[in-house]
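Chain A is fixed; fit chain B onto it per the hints.
In the order they appear, the protein sequences are chains A and B. Note that the numbering used here numbers the first sequence so that position 212 is 212, with each residue one more than the last. Note that the numbering used here numbers the second sequence so that position 249 is 249, with each residue one more than the last.
Errors might be hidden in some of the hints.
Here chain A is said to cover these stretches of chain B; the calculated rule only asks that three of the stretch's residues, wherever they fall, bring their Cβ under 8 Å from a Cβ of chain A [as the list claims (entries may be wrong)]:
(1) 124-131
(2) 141-147
Residues of chain A clear of chain B, computed beta-carbon distances all greater than 12 Å [stated by the list, open to error]:
(3) Lys185
(4) Val191
(5) Gly214
(6) Thr236
Just so you know, these hints were derived from the structure itself, not from any lab. Just so we're clear, the structure is a prediction, and the values are computed from it rather than from any experiment. Just so you know, even glycine gets a beta-carbon here, dropped at the ideal spot from N, CA and C.
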Amino acid sequence: MDPHLSSRSTVEASAIAAPPEAPLLAAAWAVFRKDVRSELRTRYALNAILLFAVSTVVAMSLGMGPLTISRNADLPIIRAALLWVAILFAAFTGLARAFVHEEEARTAAALRLSARPTAVFLGKLLFNLALLLLLVVVTTVLFVIMLRVEVGNPGLLAALLLAGSLGLVAATTLIAAIIARASVKGALFAVLSFPLLAPLLVVAIQGSANALAGRGWESGVGALQVLAGYTIALFTASLFLFNSVWEP
Amino acid sequence: MSDRLRLDQAAKILLGVWMAGIIVAMFLVVPQYVGLGDAGRIIILHVPTAWITTVAFAVSAVYSIRYLWKRRAADDAGAVAAAEAGFLFCTLATVSGMWFANIVWGTPWNWDPRETTILILLLIYAAYFALRSALDDVERRRRLSAVYNLFAAVTMPFLLFVAPRMAESTLHPNCAFIQGSHCDGIWLELNGTRVGQLGDVVLALQGVEQRGDLAVAQVEVRMPGLREVALLEPSFELSTGKPADRPEFPGQQFLLAVEGVDLANGRVLLNMEAPGTGLLSNSRTFWTFMAANIGFLGLFIWLYRLRADVLLLQDRLARREVAYELPA
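Pulled out of the complex, with its shape left as it was, chain A reads as follows:
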């Protein structure tokens, strides 16, 4: 090893790292606020995913009309699957935006200089979570109204939607950062995300079906545990791997 090289690089590193020595969470919060502000100016992701969700739900209700209990005994699982498919594909259209926008606007380099990788990741994760929760609320409310769904256990459904959203965001934020560097971004995001989301989707749909059918909390505890474990595992893995993705 060349001693000059190593000493110079440490000097450089400390010079670069000096200004953003702000606490991690404060830096992450700053990244989040920056993203919210820039999103509110363009409303690109908001418009895209909300309109996508509305179109999906309207298309479903146009195609099927209100499904009544008398028509089908498997109704809760069908409805739960439709709800999660609508959420999933709306999420695929919008959640990559946080990182793709940085690359397209060529602001990624500036962001690299001004915040630590972990802070960037946490900020983007928070932004995606906020976006997804908004999407989930809008989709679910529309879904319940337009398809005349009776929710048997609203508390459990809300808990599952929240846990599912956390898992979805934990899985897709890192993938968004990966595909932002690739040449065909839109299609690739869904292709890379779907296989990883399969376990989450299965558990969330089955749990939600129980909630729609009005079964008690004990029917959803297993699903919530799996979703929590999934979220924690993928979040931890993302924290380890994000540095390698975020290198210039």
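Just chain B now, with coordinates in the frame of chain A:
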């Protein structure tokens, strides 16, 4: 160096002879299995390829870790080569399994937990290759695809844990990894607990009687949701101590077997079998199966190392081309 080459050559020939031996043994050594006939021979081909698929995925993930750690082109080539070989074996396992399922279970695809897992694995491999082809910069392609490979590996345990919940039942003849199945069976008694549950089927013992060398149990079987109720008469050979007649559950491919009888007290040990259970209890089948596992593992190692060498060579050639095209 030449010693190593000679050793490699010898290993290659040995592998070829070994695999040829397995293919011959698959048809000549392995006996027919009751209930499956010749279709049962697929275990020699299907199970090792499915097993190698997971090994390949793990090998690829280990190379990806090493790449992110040391950033050497050789590790990336290893990861890609293992993934490509794994994809090949994954396809083989899926196709051979579908073929077998179509013959024995009457449908090529059943959303069986194993089928689901292997399909998702195929999708992950495909996504990995799609990602690689979408990244133009060589260094970035290696780094990001290694990250994706590891990230996908993190979700695999959840898939293995979750998939068994998907279908209500599995047709795969193995209960060791699948939740909710009882490998040990249940004891029912005429004078005690007469009703019990195997998986999601309720069994009620109605009677036991001896007919010659056979002990025949009358068992009422109620399928989930009381869709179907049937009276089955599985039997047990007293002299050999083995199940004799295994009737099928109504509307399903499972068999009901009596695995133990206590005639004096009216007690019966009942168990559920998928066709093919106990295939490996035949020692000729077992040893051919183990030899096939070793052979396929060798085949995988040979394939992925060869492919890794080719990938490295290609990389070196490409770089030399770039170097020569530069103005001197």
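Discussion item. Please verify that the nearest CB of chain B lies beyond 12 Å from glycine 214 of chain A's CB.
Written reply: 18 Å, holds
Fill in: Coverage claim, chain A over the segment 124-131 of chain B, checked by counting residues with Cβ within 8 Å (three needed)
holds (count 5)
Worksheet entry | Status of the stated non-contact between lysine 185 of chain A and chain B (beta carbon gap over 12 Å) | Since the minimum Cβ distance to chain B is about 8 Å, lysine 185 of chain A lies within 12 Å and the statement is violated.
Worksheet entry | Within 8 Å of chain A's CB atoms, at least three CB atoms from the segment 141-147 of chain B: coverage verdict | holds (count 4)
Item to complete: Mind verifying the non-interface call on valine 191 of chain A? Its CB should be farther than 12 Å from each CB in chain B.
Response: 5 Å, violated
Worksheet item: Once the closest CB in chain B is found, is it more than 12 Å from threonine 236 of chain A?
Response: 8 Å, violated
Comparing the model with each earlier hint shows violations of hints 3, 4 and 6; every other hint is respected.
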